[in-house]
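There are 2 protein chains.
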Amino acid sequence: MPITVVGSIAFDAVKTPFGERERMLGGAAVHFALAASFFQEVRVVGPVGEDFGEAELDVLRRRGVDVSDVERIPGGKTFFWRGEYGWDLNSRDTLDTQLGVFEGFQPKLSQRSRSSEVLFLANIQPDLQREVRAQLPDARFVALDSMNLWIDIARDSLLSAIASVDCVILNDAELRQLTGKPNLLTAARELLSLGDGSPQPGGRARGPRVIVAKQGEYGEALITGESFFALPAYPLETVIDPTGAGDSFAGGLLGYIAAHPSEKLSDELLRGAMAHATALASFNVEEFGTERVERLTAAEIAARVEELRAITQFSGAPVELRD
Amino acid sequence: MPITVVGSIAFDAVKTPFGERERMLGGAAVHFALAASFFQEVRVVGPVGEDFGEAELDVLRRRGVDVSDVERIPGGKTFFWRGEYGWDLNSRDTLDTQLGVFEGFQPKLSQRSRSSEVLFLANIQPDLQREVRAQLPDARFVALDSMNLWIDIARDSLLSAIASVDCVILNDAELRQLTGKPNLLTAARELLSLGDGSPQPGGRARGPRVIVAKQGEYGEALITGESFFALPAYPLETVIDPTGAGDSFAGGLLGYIAAHPSEKLSDELLRGAMAHATALASFNVEEFGTERVERLTAAEIAARVEELRAITQFSGAPVELRD
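These protein sequence lines are chains A and B, in that order. Heads up, the first sequence is in our numbering, so the first residue is 1 and it goes up one at a time. Heads up, the second sequence is in our numbering, so the first residue is 1 and it goes up one at a time.
Careful, some of the hints might be misleading.
The list treats identical chains as one, so a pair stands whether inside a single copy or across any two.
[Claimed, not checked] Taking lysine to aspartate or glutamate and the DMTMM-like style, the derived pairs with C-alpha atoms no more than 25 angstroms apart in a straight line are:
#1 181 / 84
#2 108 / 291
#3 77 / 20
#4 181 / 20
#5 181 / 237
#6 181 / 287
#7 108 / 50
#8 77 / 131
#9 77 / 103
#10 264 / 190
#11 15 / 286
#12 264 / 320
#13 181 / 96
#14 77 / 286
#15 181 / 286
Read the hints as simulated data drawn from the structure, not as lab findings.
With these hints in hand, go ahead and build the complete structure from the sequences.
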């Protein structure tokens, strides 16, 4: 099933303890699309300025990404973000944000983008997320990401957007902030209860069924109404640039699900998706921006998923315990 | 193989968002001993004051713990700690510490305590840890815990202590602080290289072979020279009191290893130990102090280890990736 993603396409300036880049291709939709492109065709919807060139589009095209809904705004400037990471890469300061063409962005989806059965609403204003979501009423799997800014200034709108999707992917701190619940399970269950009960095409009630808590260097947890799953991040001795890791993760997650069109959204499917998502995110952070994922191969992804399995399995031979 | 633990025996006053206790049994050696007692006989070495009664000792005795090396200091007061946890339980403030008999503590190990083949050096002054370690030259597995205080004021001494043990169990923030390395793998490898090369009874070089990074609510990672393993914390909707979780974890870890006396320190053994350690820690935090572990059963531990396996396994059916 093809995948549509709506979100930012950007130029990033990033400084980490390991180097810096003054201007590189970035943005949530870009990182997502590159990761998801290993699984299915991806259609990108987002605005760019006149400063966005064919070379940048070619990065996406080379991975088979459909860029026909990338809208070039005459006279506009592409979204620009400048950030710097702290010594342990767990903190980052935003030094500059120039919205450019992203200000006043009104997503225009072609018939082709609207026909996708899987949709990712990357981190944009929640009302826009709802508008886009409404344009794909028959999508079989819709996920969204968000950020602390929208929790601060558009919480109700974000909750409405969440009630309209199948899957919420947030940092665990954002989950806590959004729900006011410090406990991960309690917070996730609050979001799982947000459905409005209205029937959807598949016959099920609308509302999120899957919550993914991103935990940075610690990994990710997945909570559904029935089960819990957690996976550590793939251990890397050298992390160069975490920018886009969350969107690469989402790309792996939705890509894997889209690649199994005839399967029910089972625990097994979701866990396989989590493993592939974790693998994609781990490659993303190995180099700046899209550098590593651009030359990633399918064999490398498959090998890393196997390594993830190897570092998480235990047999735990039973031991005679003393009561 | 019996286990000896040297560390604090305490009264704790704890306040969490879910309640408080004015005075309850605590201390690293106590939490460790109760957890390890499910696997092997435990011998506790530590000082208490005249205010420490038979009722407290009975908590240990009921679990078969040997308390004959618990030294009651005439006229002394038992170590006392008062702390308060923040809303998400990830931060805590120490409001009062009264060392009491712990000040000037000189561990005296009976022949029996010195004959254990497994030793846990709970968080005490690193020079004392080295002294105790030297009294069990033939121990087959020795682990230590420590804290930021000793990294601040006795770093060299702590590094010497670390070089004399097989296994280091630290919070990941402490690992970073101790090594100055923000990356977990790099930090762990630095500690793994600390051996002084002098031969030990088993023929191997002295120095840590196993590093365990405790990651609080996220779980734990295990790093050896050859491999990496990570396990999430057991997901709990209600965490009442995290005090002693790390020591319960250590008790489960060393207990499991001690319960496999004839096995090599293989990856499989260590991973089984991590799973049991994680289970023990999860019970510890379900209630205040030792309340939950005091009435824990072997069947509950075994069931939780199985649950840990269930929440970490994935099959990840291979998917045809697009190169």
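How the hints compare with the structure:
no. : hint      : in the structure
1   : 181 / 84  : between (29 angstroms within a copy, 19 angstroms between copies)
2   : 108 / 291 : neither (29 angstroms within a copy, 59 angstroms between copies)
3   : 77 / 20   : within (22 angstroms within a copy, 57 angstroms between copies)
4   : 181 / 20  : between (37 angstroms within a copy, 20 angstroms between copies)
5   : 181 / 237 : between (33 angstroms within a copy, 11 angstroms between copies)
6   : 181 / 287 : between (35 angstroms within a copy, 19 angstroms between copies)
7   : 108 / 50  : within (18 angstroms within a copy, 77 angstroms between copies)
8   : 77 / 131  : within (24 angstroms within a copy, 67 angstroms between copies)
9   : 77 / 103  : within (10 angstroms within a copy, 66 angstroms between copies)
10  : 264 / 190 : within (24 angstroms within a copy, 46 angstroms between copies)
11  : 15 / 286  : within (14 angstroms within a copy, 42 angstroms between copies)
12  : 264 / 320 : between (40 angstroms within a copy, 18 angstroms between copies)
13  : 181 / 96  : neither (31 angstroms within a copy, 29 angstroms between copies)
14  : 77 / 286  : neither (29 angstroms within a copy, 54 angstroms between copies)
15  : 181 / 286 : between (33 angstroms within a copy, 17 angstroms between copies)
The earlier numbered hints that this structure contradicts are 2, 13, 14.
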